[in-house]
Amino acid sequence: MPPTQDLIPSPKPALAPAPPARKRSFEHVGTHDLWAIVQAGRWFRGLPPELAAHMQLIAQPRLLSPGEWLFRRGDAPCGLYAVARGSLSISGTAALQENTRTALLTLIEAPSWLGEIALFDDEPRTHDACANTACALLHIPIAPLREWLDAHPQHWHPMALLLTHKLRASLIALEEQTVLPAPQRVMCRLVQMAMGHEQWADRTRTHRELAVSQEQLARMLGLSRQTTNQILQELQLAGWLQLRRGKLEVLNLPALKGAALTGRISANC
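Be aware that the sequence shown starts at 44, since it is given in my numbering, and climbs by one per residue.
Where hints are given, some of them may not hold.
To be verified - Computed cross-link-like contacts, DSSO-like style, restricted to lysine-lysine with a CA-CA straight-line distance of at most 30 Å: (1) Lys209 / Lys300; (2) Lys290 / Lys300; (3) Lys290 / Lys209.
Stated by the list, open to error - Just the calculated beta-carbon pair ranges, DEER-fashion: (4) Glu277 / Glu190: 47 to 57 Å; (5) Gln273 / Thr145: 17 to 27 Å; (6) Arg248 / Gly73: 14 to 24 Å.
Derived from the structure by calculation, the hints contain no laboratory data. Beta carbons are placed, not taken as given, at the ideal position from N, Cα and C, and that holds for glycine.
Please take these sequences and the hints and turn them into a complete structure.
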């Protein structure tokens, strides 16, 4: 997703330029509060205490404004990031002669981690990460983390698990994208987002409001906006979903989960 462009301030000398739309809905949130969210995540909750303690010791908070880049494809690796507040969009761009196309792959919310691939191969970033909303993250710099892991090699295993969790989820998403019809594809993605992509240690924890627009959902699933809107309207008529401006509200997650398995949208599912 390309970052939003700042509006050009008014040239009238009597008016001061408007302050930039900033991060900064999370400026009052302390690092302790951010860690409280991240520690509720399934992966971090399962870390050995000494590894978790070291990551907390070297972590640095990072705040992003909506539309601000975290990193771009080709950037040098800089470490791991945990999303504590807000959401990031992960996208890729391909150029064919004069045509450039951007694919929105996914939206990442708390308590998810990203950046683990480069921890292993030290290669440049594979995709673009941009703030979908105002974001508060925790940054684990790559140099001190890798140095500590090399000195404590038994703790590379949890890092490998973070990588394999992501690979498993990617393969499932690829399968759904390939074989499922559009309605079932939409419902599966909504269920995954409502359940926090199963990243919470408490598996019963869910999101009622999803910070995703109809256009973003369509782009992630490779569907037209018209098709996506039609499916969402049917889900709204069934009483399972409420369409909001720039977001979606899940009204009946159990019914939505059941319909995602069958692919049928009916109030009797």
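What are the numbers of the hints that this structure violates, sorted from low to high? none
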